[in-house]
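Residue numbers (the working numbering), protein chains in the order written: chain A, 1 to 554; chain B, 1 to 349.
I should point out that these hints are in silico values taken from the structure, not numbers from a laboratory.
It is possible that part of the hints are untrue.
Claimed, not checked - With a straight-line cut-off of 25 Å between C-alpha atoms, the simulated DSS-like cross-links for lysine-lysine are:
(1) B:62 / B:190
(2) B:335 / A:243
(3) B:118 / B:294
(4) B:162 / B:118
(5) B:62 / B:51
(6) B:341 / A:243
(7) B:80 / B:294
(8) B:190 / A:243
(9) B:55 / B:80
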Amino acid sequence: MSTRVRAARPGAPAWLLVLIAAVPLCFLAVFFLLPVGGMLHRGFFADGALDLSGFTETLARARIRRLVWLTIAQSGLASAISVVLGVPVAYCLYRLSFPGQAVLRAIVTMPFVLPTIVVGVAFRTLLSEAGPLGFLGLDGTWTAIILGLVFFNISVVARTVGVAWQGLGSRAEESASSLGAAPLTVFRTITLPALRPAILSAASVVFLFCATSFGVVLTLGGLRYGTIETEIYLQTAHFLDLKTAAVLSVVQLVVVLALLAVIERARRTTTTRASTGRSSRRRPAAAEWPVLGVTAGVVLFLLAPIASLVGRSLQKDGAWTLANYAALGTTGAGNALLVTVWQALQVSLVIAANATVIAVLLGVLVAFVVSRATQTRTGRRWVSAFDAAFMLPLGVSAVTVGFGFFITLNHPPLDLRTSSVLVPIAQATVALPLVVRTITPALTQIDDRARQAAMVLGASYGRALLTVDLPVVWRPLLAAAGFAAAVSMGEFGATSFLARADNPTLPVVIYRLISRPDAENFGMAMAASVVLALVTVALMGLVDRLGVGAVGTF
Amino acid sequence: MSKHSAALAAITITAAVTLSACGVGGGGSSDAKTVTVMTHDSWAAPAELIKKFEKDSGYTVKIQTAGDAGELTNKLILSKDNPSADVVFGIDNTLGIRAVDAGVFRPYSSAKATDQAKSLALPGADDDLTAIDYGDVCLNVDNGWFASHGLAAPTSLDDLIKPEYRDLLVTPSAVTSSPGTAFFLATVAKYGENGWQGYWTKLRDNGVKITSGWTDAYSVDFSGGEGKGSRPIVVSYASSPPFTIPKGGGEPTTSAVLSTCFRQIEYAGVVKGTDNTKGAEAFIDFISEPAFQKSIPDNMYMYPASGAALPADWAKYAPLATDPLTVDPSTIAAKRDGWLKEWADVTTG
């Protein structure tokens, strides 16, 4: 058992790992398992007795079975397209170097933070019968939904894979090239295997985002193309049929767990360790035109809805004007809002700061535990179950969690229904998987022998972590923080359930404005969306700048 | 992460959660000086009026929005055993009986309600609810479009299934939008419980476009809206036309088809189980009084239930239907969900 000898880890006793794991687990238990459990309890215990008849009834319905398959197909297809398009974009934006790159990165990030309802309107403005792309006949089709989902998620792939790519050393690739391997062979045999964990991570996150997105699907697909998520929303929020909703929540959970298991298996078979060292960023070569072409196409695709949005924000009564932006300092026509848009932006920023701190703190704890590969098989199982547990919030309906908060966190000492702390907490829960997925690979990559060496030289375990781990982790940490802040700025699903009317976030305000029946508020909503996107992109750009030349990798 | 910083993080998070639980938390119902109002997303009121109420009554008003009218009703029913609000505003006549049957209200009849408000009371709800405002959901047509296409605008629901009006109508979904539900109920009133299915099949065959919400229908697809869409007939409100008066005055560019209207009435009620009954009642009195009633059209785009005076352009360009289509509220309560599920099947084909 030589591995056991090598893995002697005097500094990380099991009790410490368990203790560290306990903190995020408690958080997950109170703010996720409890509300979801509460909703399932209401659904399955009618009049105090367990009633599982809902399963046979619900699953017997052809419409529901169709929705389950649609969910899987839709999310699978959208994730695949996002990856295929996102990887070349990641290469161009993070491995090459050319003027205007920072602007392109900003454009690619934007969709991620735009409120779904705004994107829905922007997409439909393009695709509707009278729109500039109306001739394609895509309005209300399945293709439109897939386009919408891809629009949102390319940025997730480009960013996670890009950050990983940036950290890959180019030595192995260069040696292969100098030995005569064609560029495509180099990519297939050296780069791709090294990027595989990052691509799989991104794909799984994107799949979960797609499987649980309901705003886009409802707006672009209507009733014809629902998903499990939209059905849970309809059954809970409109029909109050908690029995059916509970069954669907369980089905959703099963789909998500199955996906996580598949991904976990795929990840485990990858043994290639990313070669570290300096990565070189160079100017694009002429032979790279296919990659550059795909990237240009993607940027155009992302720009079209954004341009239609910006266009509408600059128009009022058929004339070009900045009036919509000037109105952001007001509460809108007919007292549409209780606060001005600028005040809401302030609230959003404060909440984002809080959510980011919570997500990063918990994320570091989770990543710390996950990255300490344990020596026993049972230990590893526990760790991967622990890792999966924090992916769950992405895969479970925001509606279920939202209503769950409402019916479970309603007794002292946890009467939080009307409390403003729930907003950053809910957002942190959504951001947590992204944080964990960004930090863990960097932590895993550190050779434990470095820590042992430090300790042999007399450092305490804590000291060893500070001198060995921190320098490697801090840049991915920043990237994760930027991601968490963006998630928080753009989050609408859970926030709309929890935000207080007198303290709304910017997406909530935008939703309110856009739902009001007059042109003035509509224009304001468009302008506010542009502001939201710009502020968030600027925030992320700032964080990117801090992490320039990041050495952390997946 | 050292042992100490891990412990520190643990303490920080625990402390944050505990503090928030004790300090910031707590529903409005535990505080006798605060009136917590649960309402829908469309709530809007002038800040001065609320301030004046707070000053006169000594209560602090806390607004809690809970989604659209449907979500509001469901949240109210779900939190029945431990309500989070003292008073609710925005339950309408399509969902009222469901909430009343669930026993979430404490009876109260406001002395401030006018005779007209009383005439709008929800049949079968006894004294549980007070009518605050109302409005009509009707077809709206783009006058300019019809003039330039040499076609007469439709004047009835029957017209919509005629070939000359093919591909001209857009409506929000009956399942996910409250004006959508109202329009659906108008067709139930007109064609009967067993006749609407046939009508909607014909609408579908005649190219009706269904969007998920009102915003989409009006501001993307409707030719008379901001988005300059392709469809000149939309399901909207009787109060929509004044919003299409061109800058600088003149006639609205759209009008409502008054024979197709379904009347929506919005109510307020005291939440059963509140320990601030007095505050809840004071709030219902406040929103029934003339000052607040007069603010309703400009803020919530509905008509005051009390009969208070309307803004000038409303009085002129936003008449209500004289004989709106209606469905008995108890029938709606009993059959609504089944109908909507059937509607989804009929329209998606």
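Tested hints:
1. B:62 / B:190: 41 Å, violated
2. B:335 / A:243: Holds, at about 18 Å.
3. B:118 / B:294: 17 Å, holds
4. B:162 / B:118: 40 Å, violated
5. B:62 / B:51: 12 Å, holds
6. B:341 / A:243: 16 Å, holds
7. B:80 / B:294: 32 Å, violated
8. B:190 / A:243: With a Cα-Cα distance of about 33 Å, the restraint between residue 190 of chain B and residue 243 of chain A is violated, given a limit of 25 Å.
9. B:55 / B:80: 30 Å, violated
Violation of the numbered hints given earlier is confined to hints 1, 4, 7, 8, 9; the remaining hints are satisfied by the structure.
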